[in-house]
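S.K.: Please take these sequences and the hints and turn them into a complete structure.
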Amino acid sequence: MTFDPRTKLLLSVFYVILVVFSYELLPLIFEWVFILFLVLIAGKTKEYLRWFKAVALMAIFFSALVWWSSDGKSAFIAGFKLVNIASVFFAFFTSTSPEDLGNTLVKAGMPYPVAFVMSVSLQFVPVMARKAGNVLDAQRSRGIPIGQGLKAIRYFHVLLIPVFIQSIRLAEELAEAMESRGFGRPGRTFLKDYKMRAADWIAVFAGLLLLAAFFLLRQC
Amino acid sequence: MHYSHTIKISSLKYSYRKETASPVLNGINLIAGENEYILLCGASGSGKSTLCRTLNGLIPHFYGGSIEGYVRIAGVVTTIRTVGDMLELVGMVFQNPEAQLFCSTAAHEIAFGLESLGLAPSEIKSRVTRAAEKLSIEDLLYRNPHTLSDGEKQLVAIAAATALSPKLIVLDEPYANLDPSNVQRVRCALKEIRNQGVCIVIAEHRLHYTLPDVDRVTVIHDGCIVIDSPPALLLPHHVKEYGLEFPLYEPWEDKIEISAPPPIAEMVLSAENIFFSKNGSPLLKDISFTLRKGECVAFLGANGAGKTTLLKHINGLYRPDKGKITLMGFDTSQKKIPELARYAGIAFQNPDNQFFRLNVLEEISAGAVALNCYDEKWIKKLIDLFNLEKLLKRAPYRLSGGEKKRVAFASALASKPAVLALDEPTAGQDARFRHSLSAFLSELAINGVSIILATHDILFAKQNAHRFLLMSKGKIISEGTPGKVISDKTAMRLAGLLPAERMKDDV
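Read top to bottom, the protein sequences are chains A and B.
Take the first sequence: its position 193, counting from 1, is numbered 193 in my numbering, and each next residue is one higher.
Take the second sequence: its position 348, counting from 1, is numbered 348 in my numbering, and each next residue is one higher.
Please note that a few of the clues may not be correct.
Cross-link-like lysine to aspartate or glutamate pairs, in silico, EDC-like; alpha carbons within 16 Å at most [unchecked claim]:
id: 1; chain 1: B; residue 1: 377; chain 2: B; residue 2: 362
id: 2; chain 1: A; residue 1: 131; chain 2: B; residue 2: 98
id: 3; chain 1: A; residue 1: 131; chain 2: B; residue 2: 352
Computed, partial: chain A to chain B, Cβ under 8 Å [claimed, not checked]:
id: 4; residue: 24
id: 5; residue: 27
id: 6; residue: 96
id: 7; residue: 98
id: 8; residue: 134
id: 9; residue: 138
id: 10; residue: 158
id: 11; residue: 165
id: 12; residue: 177
id: 13; residue: 178
id: 14; residue: 179
id: 15; residue: 180
id: 16; residue: 181
id: 17; residue: 185
id: 18; residue: 188
id: 19; residue: 190
None of these hints come from the bench; they were simulated from the model.
Small disclaimer: the values here were computed from a predicted structure and weren't measured.
Cβ atoms here follow ideal geometry from the backbone N, Cα and C, with glycine treated the same way.
M.R.: Right, dumping it as structure tokens:
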């Protein structure tokens with residue numbers, strides 16, 4: 001059974017609030033373990049580790065900065081906050097397809113074109129990365145020393161211009177394909193029927209309760 | 001709604017800009033019924049793509065411009081309806097597989113048009129399944145389109161069109177980026193669709209793939225239909241003046257071989273037992289080859305066989321995990337890319353990847369300037385050779401596809417390299433371009449340049465290469481003279497360059 005994308009989005013928002021207002025190390029570690037547990041039962045450990053490698057680097061850099069400006073404890077807390085928020089992003093995006101997210105937001109009142117642009121941009125990040133790689137290869141093949149030390153800055157336009165022009169062209173071609181397949185025709189329906197079921201409401205309610213309990217306990 | 005023709009075009013004139021003197025389409029008349037399979041051909045720039053875009057109203061609604069006459073699809077006049085209204089009547093499939101898929105799974109992709117129609121989710125689901133079954137792509141439904149091969153992407157795009165059960169399917173150069181086995185899959189799919197009573201219009205350069213399938217050939221020249229006849233009544237000399245060539249069904253089967261390989265000349269490039277893997281998957285396995293001065297070798301193989309990966313080893317973009325590459329007597333592992341780039345020029349498939357200067361002249365010389373080996377005489381010679389004199393002041397991005405390729409080839413040669421490697425040089429190009437490219441290549445060979453062609457275009461390779469290396473899944477599975485490799489049917493089939501037996505029966 002999976003939750004409705006809206007449920008997942010709400011729960012993720014609750015989680016982020018929880019992380020932002022956690023000022024002690026112990027709760028932060030608990031929160032992280034909770035996400036790890038979710039990743040484990042979803043069987044996404046491998047993907048998470050790859051994601052974590054990038055995040056850990058950022059977290060270490062961020063912590064070092066905090067340590068230098070204040071103290072060790074704050075540094076750890078700051079680092080964990082970053083890791084936790086990045087982890088909940090990971091959990092949300094690996095369990096929710098861009099269409100699901102976009103389509104449910106449309107049902108919640110967001111205009112379709114806005115939601116669509118959001119989900120398509122997510123699709124094309126890897127495509128553009130691959131294009132940039134191809135441009136680099138083509139330029140280096142004819143001896144333009146891009147991507148080596150300080151010279152790289154001098155030759156930056158060599159990468160930027162082809163990538164920029166090609167993304168404009170790609171956008172034009174996409175627009176044409178979308179138009180041909182009825183984008184913008186009124187009365188659009190969705191392949192999936194999005195419904196908040198009992199389990200969704202229970203999950204959202206439980207999340208709210210936990211959040212309330214957390215803030216109440218902090219008062220005492 | 002009652003109508004008598006699927007397509008009815010009457011004295012259609014169109015130009016992209018209102019003020020343009022010569023229209024792109026200049027008085028087109030065409031009538032076609034259901035169940036007709038029409039090939040639209042003509043040299044680059046003849047107006048094929050433009051005509052395709054009038055069939056679902058992208059012209060004039062998306063492109064603007066000025067239009068005269070009318071296009072009626074199943075009785076509906078395109079100019080008074082929106083593109084979205086034509087959805088149930090016309091399905092469009094475009095040339096670039098990458099730029100027509102925009103959802104996260106193939107299933108969503110096929111569903112998109114059905115969602116636009118506003119169908120109920122249960123209906124959408126059953127139609128997606130049916131469309132996928134018809135093209136035997138059920139296994140792709142939950143994959144991300146960007147991880148599919150180009151042929152699979154094209155099949156998904158076709159499924160997305162057929163799911164709406166349109167009266168007409170229009171395909172604009174669908175085979176341009178596909179290798180032979182993928183072309184075969186798409187061909188079978190199209191024939192199946194035609195048999196269900198759908199009218200198909202296909203614009204294509206690669207005539208030997210389309211001629212055997214179609215009922216009608218329509219040749220466009222300068223925006224007019226100059227020939228409209230069944231393929232059987234058409235003779236090569238009828239179409240020659242329009243820059244087209246009607247080859248035999250499997251034209252590379254003829255016995256003509258190009259002039260014998262040059263006598264033993266000095267070795268310019270050699271690879272010994274190259275192994276290479278990326279992200280844990282092995283891409284090249286035990287590759288060895290040699291290239292002599294003035295020789296032309298073709299790396300032949302389907303998409304994904306490892307041809308481009310191998311090319312990138314020549315100038316150090318990739319370094320082998322094991323094995324040794326020698327270029328002009330140097331061990332390449334000891335040299336940096338710019339040093340190697342002086343001796344080996346590579347022109348990749350997409351010329352747009354390298355243009356960054358304001359005019360063609362600067363573009364050609366950019367590499368040589370960066371490498372400090374600018375030689376005005378040589379650049380002049382290249383301009384002559386590739387016939388670029390008239391284009392020198394133009395912006396590279398504004399050139400036609402074939403012109404861009406010529407600029408890219410010239411710029412790969414700017415540093416006077418001993419080796420020139422071309423990656424899929426003929427993809428999406430017409431017969432005229434292929435002829436001139438053949439001429440350039442033999443001219444270069446006379447100048448002592450050694451050439452590597454990485455391609456799945458068997459015909460072009462056969463016409464130009466002295467030797468073939470047949471690649472499949474990162475391995476060389478056959479090598480020798482073109483005649484010898486082509487007659488090795490088992491290897492050719494394994495490489496995905498000949499249709500498998502089962503598919504051949506269908507054709």
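S.K.: With reference to the structure, classify each hint as holding or not holding.
M.R.: A quick look at each hint next to the structure:
1. B:377 with B:362: Judged against 16 Å, a Cα distance of about 15 Å means the pair holds.
2. A:131 with B:98: holds, 11 Å
3. A:131 with B:352: holds, 10 Å
4. 24: Violated, because the Cβ-Cβ distance from residue 24 of chain A to chain B comes to roughly 39 Å (cut-off 8 Å).
5. 27: violated, 35 Å
6. 96: This hint is violated: residue 96 of chain A lies away from chain B, its Cβ roughly 10 Å from the closest one there, beyond 8 Å.
7. 98: At 5 Å from the nearest chain B Cβ, residue 98 of chain A passes the 8 Å test, so the hint holds.
8. 134: Because about 5 Å separates residue 134 of chain A from the closest Cβ in chain B, which is inside the 8 Å limit, the hint holds.
9. 138: This interface hint holds because 4 Å falls under the 8 Å limit.
10. 158: Cβ of residue 158 of chain A sits 5 Å from chain B, so the hint holds.
11. 165: holds, 6 Å
12. 177: holds, 4 Å
13. 178: Interface hint status for residue 178 of chain A: holds (7 Å vs cutoff 8 Å).
14. 179: holds, 5 Å
15. 180: holds, 4 Å
16. 181: Status holds, d = 5 Å.
17. 185: Holds, because the Cβ-Cβ distance from residue 185 of chain A to chain B comes to roughly 4 Å (cut-off 8 Å).
18. 188: Since the shortest Cβ distance to chain B is 5 Å, the answer is holds.
19. 190: holds, 6 Å
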